[in-house]
Amino acid sequence: MKIFLSLSTCLLLLSTIPVFAQSRIVRGQVFSKKDNQPISGASIILKGTTVGTASDLYGRYVLQVNLDEFTLVYSYIGHQTEEVFFGVENTMDVYLSPLQEAIEEEVEVEKVLAKEEEVEDPEIILQKDGARTKSPGDLIENIPYQSFDRTLQGRVPGLSVKAASGIPGGAINARIRGVGSIYAGNEPLYVVDGVLINNVSYSIFTQSNPLAFLNPNEIESVEVLKDAASTAIYGNQGANGVIIITTRKGKPGKARIELNAYAGETIPIKFLDLLDGPEWYAMRRDAFKNSDATNPEARALSNMGVLPDNWNQLSPAQLDELGLNLPTYDWQRQMMRKSMMHNYELSASGGGKTTLYYISGSYHYSGSSFPPVDFERGTLRASLSQSIKERVRLEANVNLASIDQAVPFSTEGSFIGSPAFAASTILRHNPIFNEDGSFNTQIGGLAGQNIALVNEFNSGQTSTRSGGGNFIVNWKIASNLNYKGLAGVDYRDLEEFRFRDPRTPDGQEVNGRNGVGNYSVKRYMTNHTLDWTKKIDKSLISAYIGYEFLTEEREGLSSEATGITTPSFNNLLPGSTLVSSDTVWAGYKRQGAFIGLNYQLAEKYLFHLGSRVDGSSRFGSNFRYGIFPFVKLGWNLAKEDFLIASGKVSDLRLRASWGLAGNDQIGDFRALGMYGPGNTYAGGTGIRPISFDNPNLRWETNETINLGLDFGFITGKISGSIDVFQRKTKDLILNIPVLWINRADQFLRNVGGLENRGIEFEINTINMERGIFSWYSSFNFSYIQNKVTSLYDGLQVDPDNPRWAVGMPVGNPAFPGQLAPGSWYVAEYAGVNPATGRPMWYDANRNLTYLPTDADRVYFGSNFPPYFGGFNNVIKIKSFELTTFFTYEYGAVVSDGQYNFLRENGTRFTFNSLHEVNDRAWRVPGDMTDIPRNFALNSGNAARNQNRNFGSASLLKADFIRLAQVNIAYNFSSEFLQNIGLSQARIYAQGINLWTISDYPGYDPEFMGVGTGQIPVHKSYNIGIQLSF
Amino acid sequence: MERYSILRGLFFFAIGIFVFSCDLEVDPRQTTRTSEVLNSPANLESALNSVYGRLRSLNHYGRDMIALSDALADVGRATNNSGRLVAENNNAVNAHFSAGFWQNGYAAITELNLILDQLEKGVNGANEDQIAAWEGEAKFLRALYLFDLVKVYSYIPTAVFQSGIVDQGGIPMPLIAVKIADIAQLNQLPRSTLAQNYSQIIRDLGDAINLLENNQRSAPQYASSAAAAALLSRVALYNGNWQAALSAANAALSSDVGQLLSGENYLSGWKSSVHPESMFEVRIQLPSESLGVNTSLQSTFSTMLQVTNKNIRGGWGDLIPSPIVLNFFGLSALQLGNPATDNNNWDVRRNQDIRARLYTTGNDQRFSRRQIECIKFLGKNGFDYGDNIPVIRKSEMLLNKAEALYHLGRETEALNELNAFKSLRGIGPVSLTRQLLLDEILLERFKEFVFEGQRFFDLKRYGRNIDKRSYLGSNALVDFEDFRILAPIPQREVQLNRNLNQNRGY
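Chains as they are written, first to last, in the numbering used here: chain A, 1 to 1029; chain B, 1 to 506.
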């Protein structure tokens, strides 16, 4: 309560500030819809007057208007004129649609530049003062991904994005400036139209990305806040960065109807090069020979389940002939297929002086490499804004989405029924179908189920119904004092079922198994800010104060039953025997208050200072609240006389910031001493203590220092920015052991430290703009060094997990709620002994050993790539437009469970193998290779080795460069369009993930988690059309 | 006008904040806060149930206090049917009471401390009698857990081996309720002395005897005043308080909890779900509470599911009577009919000792084939692998009494007690004095409590060697001086607790 008393004192102080004349300062940025580049020199005129201004080199404008309500007219040569009504809103970014008159445009550009130089009294603009990257939604428009987070891959320096798998609408791993926590989570905060979104999947049977509730094409802009000084205003969760999404809203003017559609197909990126039937036989036979086993031919055939009953009457040569003439079937292509993808959207928007509206609906379907895994979504969206009287504007945004995802036996894990696991591990001499077309059920080898049958008969679905939205009140209390109140809802309901058909091996024993789950997430929040602005001479002062409250409840129910009576109906039928039934409930609350002061002097010197106080129910009673202050300083050198005089530099800004941000993603109730279920006894129930009271558990705090430089040259051809940062995690939460004589094992305590340091670089260039031809590039690069700086009690290595060690990177957890895995800490693989073909490792003294021990382990980096970025090129020739976008990652070290099983080359289990592995296997003395000789019996020398995948033998480099997007578009000319009643039309063909440069031996280097049985990322082609009326 | 509207705006804003700003407490719904949970009679009893239930754990009476200790001693022979208890039977280093025993025992004690803490503060809706009874139960249980821990990890006061050893004291003894994590972490208790441990145990039992006088919860599955007296009698024997052992045994004998059985009744006692002799036993009421086919007592001692059809294979039969035990009862395999492959055609030859009928041949489908097994535990609770586990039987009081009388110099009375006991088991009287009398009393104890977990500690408290040379080879002798008499303290606890010394040799 204390903080609110002091807060109200601040309010009282503020209220004594004198009142100023009635005038409004509006600002914003003008962009061209053509290339999303800012337009410099666009004219902004107060409608019906000659009052106006022009946008600067970055398309920015500021205008002071002595009216309560007014309309501004935005115009620029070669573009359609836009009129925008200003009610309460004081900032407005405007996108002008180009007319198709390229030659004329070029002339005008020069004119405008000349005009720019004439501007004598530059308007005051709010300067960029933090490490934040804003991109308009057009950049990611029509990329056929299901959630916007994935579209950001490679686009934003400092933001690493990876798909956890190829499940459409599946989990996406996004990390802003590295991994900053072990126990407290690393998820960025997602804010959609002011509403903080819960982005945890909660699905039991598949990955269901909560951010897929929003059609990515509904996004007007995406802003990524990286340094603590920028995120401080979001306080809690800000530690991991903030991603702010603004959706499309209605704009004044005549009604505009847009139709957008695309269709295409998804295609597996890669098929593994597996041994065929006879090859596997030969490999296995030789393995038995190497092991000095008797009857190697018969044993190999027996492994494959095709040994004839009369085998001991057959000679080795006859058995060999049998094995070498086995058939081969393509299980991978049976299971991995092309699939459809299509998307339709219709929107209508417009409005007048008092009312703005935007309504839209969309439908999206996408398959995956492994049918039936798919994603189907329908959304409805409405945004309405109404001005009441002169000073108040009400706004409401509602988004409804319904998502269905088909679920096979499993989307992850080494289950023989998991399609992505079995498709490559099943032995290929096994026919898929019998001659009569029915499924073959006699499958030899350890993957002894017909995965095609399992996939066909089982069924499952995860359905998400989500509703989110907000209600906003903008109240202009005085000309320079604004109140904004927001109430928001984030609601999601998951319904899931999974069915094990009695005709499949897993359902057979229990006559069918039915799993059902239901999970709902309800989040309510409210946010209130007061915002005051004053212009004095050449300086601009603004101050704001605010309060935020959020509450979340989650509850779930799941049950499983066996003995399904009518398998042909497959789903949701109750079983005769209830196997398990479970419920969960969790919830938490947060609240925070913030205050900030922003001062700009003569556009040269920027000073921004503020703080936020946050409380979270997740922490202990002694330290529930944390204080997160920040300071930002900026110096716009371009406005200094000496640089203006040079006439070369248009933009040169130095930025420095310091700030704290908090992290409370530790899960609910971790600070509470609780009793949970205990032993039953003599017919009575039991309860027992399950945790200690932990009143000192407090916020994990990130302290970030950021130094940035923005630059731009007067020719406008090169601009960019460089940021250097140090992000220190203080009060790192770790598990501290407790003696068993005090009952529990451990508890969480704020003890350690972690650090991410890095450099981010971004450059945008206009390579050529000549006549009908123009070429734009943008490139970004990030380097992040991540390491643990301290544990507890002076420990260098954490006893719970030695992969967490001082000086070593902390690794990247795949999914929310998981702990950071730490660095790889394994014995170093030394390849095979050229004399014997046995695998060897280095011991602690760098001597070779067949049996490395724990003491021989060394660190091998982590699964987080220290280097990543993207490279975008847009080339325009007349009305044609070609976009190519590459992403790249370097330096991640991963272990791929699926590849590891295949790398065993059949030595541990009778699974299939890769040509690439088998061809490399040691065969004769002198062979220098990394794959040991084939061996079949676990005895003799072979038994005295470590497993061939032990230590660093199973580590892979996951470096890649990928052509993530290529798009060829044609924009129809406006004369042509006007004749048929259209205002805009565009057709395009697009390819996603078409080309990957990588020597990665598994399905794909882009995945998170264990990699076993995961649905790999796919590529896709589509064609599309966009029409506006 | 402007000024007024600014003030008005700020006023509403401030009001709004006060309305919205609220307490950040969120209560879990599937668990309950430690601070308030025990303040209700139902929850307090549930909390006690959890502690009773811990006795059922594999590491405690579920198996180890019974079978593992008998494997360490000369009671059993490991068959290697599943491989379990083989190393323990060979007294291999570190094959002893495991870390889980320590963990489970101390977890129980800390749970009891929380319960006792709440009882001191009072329980909403409970009357004084209830509170007294719960306190009695908690103290009985705390004494039982402490006693079991101290007798495993420390020497027994009647025989402490000390030559050249730094720390062979008692065990750490947490007695205060710990609710806060930081305090738990700092709570690095050293070993108490043996005297401190035993006086705490005796104090708890003394309290329990008084507090439990009006306990409504029924014996033998819940603590009773008589059970506390009986346990006190055993503790006093271990502590060398002979007079106290005698009077506690007399008090236990005079109670109506448990019966003394003889002849056929004694045999049928072992066939009934609740052993009539039990003064305190651990209840296994539900199939889910059983340790099942691998590690339950039935599975450990027998390969059969039922004695009426030995051809149905049941558990592992990992520990069978040693030749010493077979010799007590004149046991040897006997074929009753043909074919020999039918397990039902086999039984044993046995002497007139009524206890000999607790042994028979088993099922032949395990590694060690058909062996003579003990059938004290054979799924008597109506489901497989479900047997209540007697912790104190009333018969023990007779033997405790004889032993105490002997040490008090009342040899004649001791001999009378012994012979009276022998007659209950159908064997003739003896006439012995001095050491021979004591040896006979202890031998009788051995015979009576085969596979009931007493022998290892009886040897230990008299400083005697574990001698398995007659059946495990010439090296199978563990001298009392050997470090393997004591269990290793879990390495984790020694590493984390700078005040705690590991036992000698580990």
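Misleading hints may appear alongside valid ones.
To be verified - Stretches of chain A that chain B covers, calculated by requiring three or more beta carbons in the stretch to come under 8 angstroms of a beta carbon on chain B: (1) 321-334; (2) 577-585; (3) 666-675; (4) 730-738.
Don't read these hints as lab results, they were simulated from the structure.
Using N, Cα and C, we set each Cβ at its ideal position, and we do this for glycine too.
Results of checking the hints against the structure:
no. : hint    : result
1   : 321-334 : violated (count 0)
2   : 577-585 : holds (count 3)
3   : 666-675 : holds (count 6)
4   : 730-738 : holds (count 3)
Checked against the numbered hints given earlier, this structure breaks only hint 1.
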